[in-house]
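Colleague: Letter by letter, the chains look like this.
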Amino acid sequence: MGISSWLKERIPVSGDQLRELTNEPVPNHLRHWWFCLGGTPAYLFVIQIVTGILLAFYYEPSSRTAYNSVKYITDEAAYGWYFRSVHKWGATLMIAAVILHQMRVFFTGAYRKPRELNWMIGMCLLLLTLIAGFTGYSLVYEQLSYWGTTVGANIGASVPVVGDLSKQMLLGGETYNERTLSRLYIIHAAILPVLTIVLLGLHITLIRLQGVSELKFSSEKEGEPAHFNFFPDHLLTEIKIGLVLMILLSVLATVLPATLGPRADPLSTPEVIKPEWFFYVAFRWLKLFSGTFAVITTGFIVFTMFVWPFIDSFLRRRKGLEEASVWVGILAVLSIVGLTVWEAAVAH
Amino acid sequence: MSEHPETPVPPQEDGELDRRGFLARASAYAMGAGLVTSYGCFAAMAGRYLYPARPAPKAWMYVAEVAGFGVGSSLTYTAPDGATVAVARQKSAGNVDDFIALSSTCPHLGCKVHWEGQNQRFFCPCHNGVFDPSGAPVSGPPFEAGQSLPRFPLRIEGGLLYIEVGLEGLPTGEE
Amino acid sequence: MTLESKRRVIFFLGMLFLTSLIFVQWMEVTRKRQEAGLDDAHVSVPAASKGCVDCHTDNTPGIVSHWKGSTHAKKGVGCLECHAADPADADGYPHYGKHIATIVSPMDCSKCHVTEGKEFATSHHAKGGRILASLDNYLAEVVEGARVPFNPHSKTLGRSHESEKVNGGASVESGCKQCHGSQVALVATDGSLITMADLKPGEDGKPTNTAILQKIQKDGKGKPVLHSSTWPNTGIGRINLDGSLGSCSACHSRHDFSPRRARQPENCGKCHLGPDHPQEEIYNESKHGVAYRDLRDKMNLDSRTWVLGKDYSAAPTCATCHMSGHSRNGGKVTHDPGERISWTNRPPISQVMDTDKNHAVILETDPEKRRALIADSWEAKRNRMKDVCSHCHAPDYVNGFYQQYDDLVRLYNEKFAKPGTAIMTELKKQGLLTKADFDEEVEWDWYYLWHHEGRRARHGASMMAPDYTHWHGMFEVAERWYTKFIPQVREIVDHAKKDGRDEKAKAVEQVVEEIMNRAEHRWQKEPPKPPEPK
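Chains as they are written, first to last, in our numbering: chain V, 1 to 348; chain U, 349 to 523; chain S, 524 to 1057.
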């Protein structure tokens, strides 16, 4: 007991206060696992940070060394292939989890007043995750990742007004050059994680302040307690999900380990060039329409998603369209899935 | 994560409640053990990943012909890893003990010593360590600790002198 | 779910996670062991070959280990897939419950490798075994050895079987046939040889002359005996018992059948080297060979496909130019190395490679008839080669090179080869040479001139080795011509004159002096003026 009283004197926070602070009452509907999808990307984010730091120990961000250092991680360092594969699959699962979380929030209308701002923060987190996926893959410096980055940067350049600036800022020059990789690296490994941590903190603080939006299921009986304890009850659920994710990641890493294609060759573009799966939607969209139009529509769609809570409220109050968001959501999901499958199925 | 949450155990009055309390505690310990071993294993693997994957490669390299190496003469050999090695012949017995190959790395804290011709000594600029031509310490911290300049392993095969040196080094300042 | 059951689930999941990590560690250890060469990559032995592998792992561990490293092993092609024999096969025998044959012929390989088999069968390689009538074979069989076995004339200390006759074919068997290929023969009960000529195999390789099968001598285990003069042999044009030609393992050594090895020049160098056709040495001297040695690491030799311009472009090997696929022909490999060769420099006088439908070089002189016979012209072949060259060289460079090469071949042909052939023909026609080959010095010299030195010059030019073209080539051709060949012919003429065979001697003399009076040979009589400064 000596130690605990010694600590209490120096850190004047009592266990009870701490519990009070963290022990948010959790609505009963969170007993269903699909309502816990918000914690999943957060957990995966931690995994990405841990494995990312491990990879950074050996990764050398320059066009002359990057490929060989990834090769070293994959072929020579003990368990290097495992941590690289976990990082790769972690990214994939994280993007999937963010999208699922967002779909759940959307279809249950959890973004409605007073939670509009948190929805917008969530949108920012989605974009950050996607950019992290893009920049992360470009660091491998294999043929596909090199050309993916080149194509991606040039798509960005077709944005009116700021396009060229954004490309120059991303590549550090007109084209991919000696200084490009270090930029991509610092964006991926420093700027994006810091922004994500800040926004994630805001996101969670807002949830904590506003409370989780509550849902009632018809199967629940009247008069039963509507909440249960975060601690330890809900924490255990999150630990369970974390373990399931770790098992899933390890299995994926061993069964489908991250591969290493041929080294980037700025003089020859591969026959089949594709971005990572989560950009299939945008890639197919770009192939359907002319460059600038596709970029502007994409921007418009993203903007619409951002301000959807306000559009939804306008539709509900002024037009009385209660069900509009459900139909728009179904349409959006179907077109995203459709475009992704289309892009995945064809070579060009 | 290994913290075991308190479980509400009602006051123990009869055997039934006692058994339930024991089971609750057992499951809490099992959970803790499961978490510690699995994540601990993950952490151990991360540690193994960070530890160098293999020792620096070494090889036996040719230095000079024994016959052409006069007693009392010396030469400076540059290893593939960039290390400069002073190789000298001190005796004429014809075996490997005639030769010494001195590393230029100071045994004190790893700085590079250099040869001062006018003083006939090796000098380390970091803490004024001084060695005689055979590598024995003369003054400074190496003398106090009794540390000589390290020697590279040598071998004679077919009348040729070989040295075991590292193969991979950092680019030198001259490049 | 109660708290307690949650905890139990967490314990269970934690153990599961631990198990998956242990699996990860197991994989890491396996990977390291494989890298260190301690373990073979995992291969599954096909069920039918399980027995073979079990036993041969002890008896012939090398064979099993080679096979385990092969693509065959990874794709589930085991022992029986190649070695299983039909009961009708002449060389099949029972072996621990299976019926197998020792020799795997191109017909067996073609069961899967259909295109490769077809291309190879029509190639000049496949005809390598048909050398019985050639001068080279005469040399080894008669001049070096003896066509009949003969008795030793004294004892060899320490050898007990002194009654054994000396095998006069030894040089042919260990020399010629190891490259060219033997005619595989089984031993008959009466000691004679049974070859495919006796078995008369049908289209399917099965013998049609079944009567002779009774005569095959078998060992104690019922295994037909292969005659040691014909096997072991992996010559490129081996004549097999099933009627097929060649041996795939000539280049794709058994039992790992490595495409990697066939891609390397050393592989071709088993046969394409030496004084009469030093292709490997020529390649080594050329810039191509120098680049290959330097850039071997960048040749991607282990790649599954090996397409020039796509999988590698560091340097060309023999296979690159003569066989392998490249980015301009859709990566198509050919197993007929003659498809891109425009001159044949094998005969005394080089011929262009116009080939007929049987892939034989056309020697027809009448232009009309010649045109009708051509199935594949030399120009088509040259263009195929140019497609390879142009991966690294501009058209002007390639065309310029071919001009230089053509010029050298034509210089040799016109100055030495055609005149020399004319003189030798006239000597024989006039009866100034005996019937036997190689019993007169001039025959040796003429043979050296075209077969060794002349080929070195032409091959040297064909593959850009200046030293072989000049010092080992044209220089020696000229030396042989002026200091040996022509003086000897003149001596024969003089002898004939003294012997009173004046007319015959004059006929030859006329041919020789007409040739030696030509502008290119007149320098001996009228020293040329020094070249005028330009």
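Since the hints were made in silico from the structure, they are not lab data.
The reader is advised that the hints may include incorrect statements.
[Unchecked claim] Estimated spans, in silico, between C-beta atoms of each pair:
hint : chain 1 : residue 1 : chain 2 : residue 2 : range
1    : S       : A571      : V       : G329      : 32 to 40 angstroms
2    : V       : L334      : U       : R367      : 25 to 33 angstroms
3    : S       : F535      : U       : G369      : 32 to 40 angstroms
4    : S       : C578      : U       : G416      : 54 to 62 angstroms
5    : V       : R263      : S       : D609      : 36 to 44 angstroms
[Unchecked claim] With a straight-line Cα cutoff of 20 angstroms, these simulated SDA-like cross-link-like pairs (lysine to any residue) come out:
hint : chain 1 : residue 1 : chain 2 : residue 2
6    : S       : K821      : V       : R318
7    : V       : K240      : S       : N852
8    : S       : K641      : S       : N852
9    : V       : K71       : U       : E516
10   : S       : K833      : V       : G261
11   : S       : K555      : V       : V255
We treat Cβ as the ideally placed atom computed from N, Cα and C, and that holds for glycine.
Colleague: None of the hints should be skipped; say for each whether it holds.
Modeller: Each hint tested on the structure:
1. S:A571 / V:G329: 32 to 40 angstroms: violated, 58 angstroms
2. V:L334 / U:R367: 25 to 33 angstroms: Violated, since L334 (chain V) and R367 (chain U) (Cβ atoms, about 55 angstroms apart) do not stay within the stated range.
3. S:F535 / U:G369: 32 to 40 angstroms: Violated: the Cβ-Cβ distance is about 22 angstroms, outside 32 to 40 angstroms.
4. S:C578 / U:G416: 54 to 62 angstroms: holds, 58 angstroms
5. V:R263 / S:D609: 36 to 44 angstroms: Violated, since R263 (chain V) and D609 (chain S) (Cβ atoms, about 50 angstroms apart) do not stay within the stated range.
6. S:K821 / V:R318: violated, 69 angstroms
7. V:K240 / S:N852: violated, 57 angstroms
8. S:K641 / S:N852: Roughly 19 angstroms separates the two Cα atoms, so the pair holds.
9. V:K71 / U:E516: Between K71 (chain V) and E516 (chain U) the Cα gap is close to 18 angstroms, so the pair holds against 20 angstroms.
10. S:K833 / V:G261: holds, 14 angstroms
11. S:K555 / V:V255: Given that 20 angstroms is the threshold and the Cα spacing comes to 18 angstroms, the pair holds.
In terms of the numbered hints stated before, the structure departs from hints 1, 2, 3, 5, 6, 7, listed from lowest to highest.
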